[in-house]
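J.: Here are the chains, one letter per residue:
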Amino acid sequence: MPVTLLVLIPLLPLIGFLINGIGFRHIPKGAVGLIGSLAALGSFAASVAVLLAFKEGGSQPMIVSLFDWIKVGELNIPFSFQVDQLSLLMLMIITGVGSLIHIYSIGYMKHDPGFGKFFSFLNLFLFFMLLLVLGSNYVIMFIGWEGVGLCSYLLIGFWNKNTDFNNAARKAFIMNRIGDLGFLLGIFTIIHAFGSVEYTEVFRQATGLPVGDHVVFAITMLLFVGAMGKSAQIPLYTWLPDAMAGPTPVSALIHAATMVTAGIYMVIRSNVLYTLAPETLEIVAVVGAVTAIFAASIGLLQNDIKKVLAYSTVSQLGYMFLGLGVMAYSASMFHVITHAFFKALLFLGAGSVIHAMSDEQDIRFMGGLRKKLPITFITFAVATWAIAGLPPFAGFFSKDEILAHAFEHNKLLWGIGVLGSALTSFYMFRLLFLTFFGSFRGTHEQEHHLHESPAAMTIPLVILALLSAVGGFIGVPEALGGTHQLAEFMSPLFDTARQVNPEAFAATALTHSEEWILMAVSVAVALIAAVIAYVMYISRSAVPAPESEARTGVENVVYHKYYIDELYDTVFVKPMKSLSGVLSSFGEFVIDLFVEGTGKLVKGLSNLGRQTQTGSIGYYVFAMVVGIVVILFWNLLLN
Amino acid sequence: MLTILLILIPLVAGLLTFFLGGSNAKIIALAGALAELATAVFAWTQFDPAAGAQFGFQYDWITASGISFAASVDGISMLLVLLTTFLVPLIVLSAFGHNYQNPATFFALILFMESALVGVFTTTDAFLFYFFFEVALIPVYFLAAVWGGENRLKVTFKFFVYTIFGSLFMLVALVYLYYQTPGTHSSAITAFYDLQLTPAAQGWLFWAFFIAFAIKMPLFPFHTWQPDTYTESPTPATMLLAGIMLKMGVYGLIRILLPITPLALNQWGAVAIVLSVIGIVYGSIIAIQQRDMKRLVAYSSFAHVGLMAAGVFSTTLNGMQGALIQMLAHGINVVGMFFIIDIIFSRTNTRYLDHLGGITQKTPSLSVYFMIMLLGSVALPLTSGFVGEFLLLAGVFEYNNWLGAAAGLTIILGAVYLLRMFQKSMFGATSVNTEHFQELTLSERAVLIPLTIMVFWIGIYPSTFLEMTEPTVNQLLRFIHN
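Going down the list, the sequences are from chains A and B.
Residue 340 in numbering that gives the first Met the number 0 sits at position 341 of the first sequence, with consecutive numbering throughout.
Residue 10 in numbering that gives the first Met the number 0 sits at position 11 of the second sequence, with consecutive numbering throughout.
Just so you know, not all the hints are guaranteed correct.
What the hints assert, rightly or not - From the structure, some residues in chain A lie toward chain B, with a derived Cβ separation under 10 angstroms: (1) Gly146; (2) Phe164; (3) Ser579.
Said to hold, decoys possible - The calculated lysine to aspartate or glutamate pairs, modelled on DMTMM-like cross-linking and capped at a C-alpha distance of 20 angstroms, are: (4) A/Lys70 / B/Asp291; (5) A/Lys410 / A/Glu278; (6) B/Lys153 / A/Asp163; (7) B/Lys157 / A/Asp591; (8) A/Lys109 / A/Asp358; (9) A/Lys160 / A/Asp111; (10) A/Lys560 / A/Asp163; (11) B/Lys153 / A/Asp591; (12) A/Lys576 / B/Asp291; (13) B/Lys157 / A/Glu587.
Because the hints were derived from the structure by calculation, they are not lab data.
Just so we're clear, the structure is a prediction, and the values are computed from it rather than from any experiment.
Glycine residues also receive a C-beta, built at the ideal position from the N, C-alpha and C atoms.
Could you build all of it, start to finish, from the sequences and the hints given here?
T.: Next up, the structure:
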């Protein structure tokens, strides 16, 4: 496999970033968009070429070492890349979906004064995301991990005149950093345990450890803390809904299709370690399932089109972690792929709507858009069908595979998953119906401006709609007469894990008919939810209550996202601020008191000493007399 | 020979500036500082990391007492000499935009300071070390006391007395050690290494040195002079203090404290490392609510130096190497930060975050440089701060997992206070003060560009510097652990 081709994959976006970043004030807009998009497309082409070469070369994993990055004593952290099934799949998603979003942005950001800045940041994001998945060790992954966090920060706060947006950006960065500390401590533990951070070396040594080893438990838990931050799982999820402050293509690329799936990538990458730590997997599964249903429930009552999608993303990421927790590694990856298609599509569709609605995002003021935005409507409907898990679109296959594994592992987790899918179906159809059906509820002026988006935006929508429709066929289960090409392709990734814990990889005990029943249940549930949404929002044309109306009880709590933000604010943010104030005034004062006290003490003692040297003869004579008396007294009387 | 040149060039250049300077003082000073940099770079090209101390120079100063004027360069010295000689020209250049009174004296003092700093980092004689350590204080004291802000006299007096007070402990310890040396006595630092001291003696020596160096850096709870001094000093003096002078403290730990009192380390090392870690968290938390940018960066620097000390006290290879490369990175980042604050102050007449905002709309280039320095400080991978912080935290974690985790809070808290500062100054709506913010001048760019290059150099290819110091550090650690 040509090394240059591999290096080009991250290098092209980096070059795009540098050209646009340094020169955007001098380069015309058209050229900026072209350079940015070509960098992404070039990277995609190189990824395809590498994929083909990989398959031709017998699908052997390969490590390409570029240079020694950090070398201290025995510890060597090379700057090197690893090409295998997992990195290739991620490459295809990142560069493929990434290219479409770059093209879309040419249309979407056309009138923005920060056009050049936007494209340079987008390219920089691709660079870091590609490093994240290409690295052959945990520290290179960490470079990408932090780098995408930076780009996320820069892009969430892209419109930096707005203080709320800036706060959202800062919140995202800091919450991610909490996770990153976990990741970092995980890396240190790995160094301590294995003396290396290279995947191959770490996993080779790990095979010698027993299942349930406590060091591996610590490592996997610490890494998972990192994953919780980046992939917005409970308790570190609250930054993602706020991240919707960024331009919509950013939400599609970073906060739906790619960056937020980094946590899943990390767990799959470390599958050997996780397989050795069943306790951690149990925790991963529970966190995933709870996040899936919790976020979905918040999505039920949101009225901002992007917020609904944001909670939906948190929820879908929860499904992926549920899959990981029940060791359905390839099923989770499958869901990463299909989710990248339909969620990117949903966000881009939302962007098209927002674009048409003159920046309105509240679905209470939309309605009936299907006539004016036909392409957006059809593609959005395809994505809704896909995410709701209805056959034969992509989401059906990937979600059902996760649920089937969950069923085998634990019926309760499966139940939560199915309930979550009902909620998903409901909030998505609610969104679809309120936005595109019924009559228009916005202002006259908005109605007047309604228009379908330009081709630069609709072409990516159509391509993603096709992928959302047929993408699931790469993983058709045997029960439906397929061969599950994806699972087969990914299978070598789990060879080592299979060795260390063979039982965990035992073939499914479910019969085909059982699998059919499970599928029927989840499809039925999703359909029922869709029908309920239809009755509510189309038959009865209900519109969610305006902000001013009082909400009661549970509805109020859910509408306010369970007051989690307020909780964090009270428990962490405010006390930290007060502590800062107290330490900076009182703490410093007390310490200084000791310092000044020491100074005063010295001064006092020296004053005392100074009394003996006043220069006054009388004083000296007096002291002399006293001295003589004392000496005489001592000598004569006491001896 | 090269070593003596490195000490003398800035001294001579300083004298030239002082006596011939007049209106050309800044040009002469810059030329002198660049000549020094060129000499240091030349020395670097000739330097062989594996060969130990090189370019040695020895002149029997007070022969009868075994005190000699001796200096040489090993890996650790090389790194710090490069840091010093790289930063001083930039510090000189950073003052170009200001019209400081008596420029000849002002710039001469900077160069005198450089001479003393290079002396500290290269001398191999303990008394000479003490001499340079103290002499370095004088120029910066005058810089702060004469050209500083409103409260300068009170603040600099405290600073001066406090650090002198600390150094006295070191002096007592050095005199004691000197009389322990066999024969006619010697004050060579290595002669002190070879002494067979009792654990009890090492115990009090440890604390005597610790106090001297802890005040200089400063470490918790010896830091209360620092925020005021950094804030009140004119920016070039602040840069000298934070960029270079605090490294004298860390250097002292590595060169003097650890190898002379290795046994005390078993007993007291834990206390020292805990104090250092407390300082990291304490300083970071205080930085969160600061309103004055300079004060904020002062606390941030205090927090960062705590991590360096913790790494040194971990006496692990990772911790030591991390501390060394972090000294370099921190010097560059903090000088960049203070310079950017100075640029903002020179245009808006305020350093208060509440009075700023929206600068990125007026001068995007400044916000880019600011962001780069900030990323270096928050240790984003591929920028200067990461390698050091990674190795330091790895070292402390190796020493004790919980302390490593506590020290690791710096990566969260650092982001909290620095991003707040960035947002409040650069983002949001413009204020009356920032409405007419002027574009960067040529001399300002001339300072920022080299700093930026170094931020990425250290971040992307740290081997240049890690390889420089590793043999020396290995040797030192072997000595300590035996």
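J.: Decide, hint by hint, whether the structure agrees.
T.: Right, here's what the structure says about each hint:
1. With 10 angstroms as the threshold, the beta carbon of glycine 146 of chain A comes within range of chain B, its nearest partner Cβ sitting at about 7 angstroms, so the hint holds.
2. About 9 angstroms separates the beta-carbon of phenylalanine 164 of chain A from the nearest beta-carbon of chain B, less than 10 angstroms, and the hint is met.
3. Because the smallest distance between the Cβ of serine 579 of chain A and any Cβ of chain B comes to about 4 angstroms, under 10 angstroms, the interface hint for this residue holds.
4. With a C-alpha separation of about 39 angstroms, the suggested pair lysine 70 of chain A and aspartate 291 of chain B falls outside the 20 angstroms cut-off, and the hint is violated.
5. Proximity of lysine 410 of chain A to glutamate 278 of chain A is assessed by CA-CA distance (about 18 angstroms); at most 20 angstroms being required, the pair is judged to hold.
6. The suggested pairing of lysine 153 of chain B with aspartate 163 of chain A is violated, with an alpha-carbon distance near 42 angstroms, which exceeds 20 angstroms.
7. Under the criterion of a C-alpha separation no larger than 20 angstroms, the hint pairing lysine 157 of chain B with aspartate 591 of chain A is consistent with the structure, at around 11 angstroms.
8. Restraint check for lysine 109 of chain A and aspartate 358 of chain A: satisfied, since their Cα atoms lie roughly 14 angstroms apart, inside the 20 angstroms limit.
9. A threshold of 20 angstroms between alpha carbons decides the hint, and for lysine 160 of chain A with aspartate 111 of chain A the separation of about 14 angstroms falls inside it, so the pair holds.
10. This hinted pair checks out: lysine 560 of chain A and aspartate 163 of chain A have alpha carbons roughly 18 angstroms apart, not beyond 20 angstroms.
11. Of the supplied pair hints, the one linking lysine 153 of chain B and aspartate 591 of chain A holds, its CA atoms being roughly 14 angstroms apart against a limit of 20 angstroms.
12. About 16 angstroms separates the Cα atoms of lysine 576 of chain A and aspartate 291 of chain B, which keeps this hinted pair within 20 angstroms; it holds.
13. This hinted pair checks out: lysine 157 of chain B and glutamate 587 of chain A have alpha carbons roughly 15 angstroms apart, not beyond 20 angstroms.
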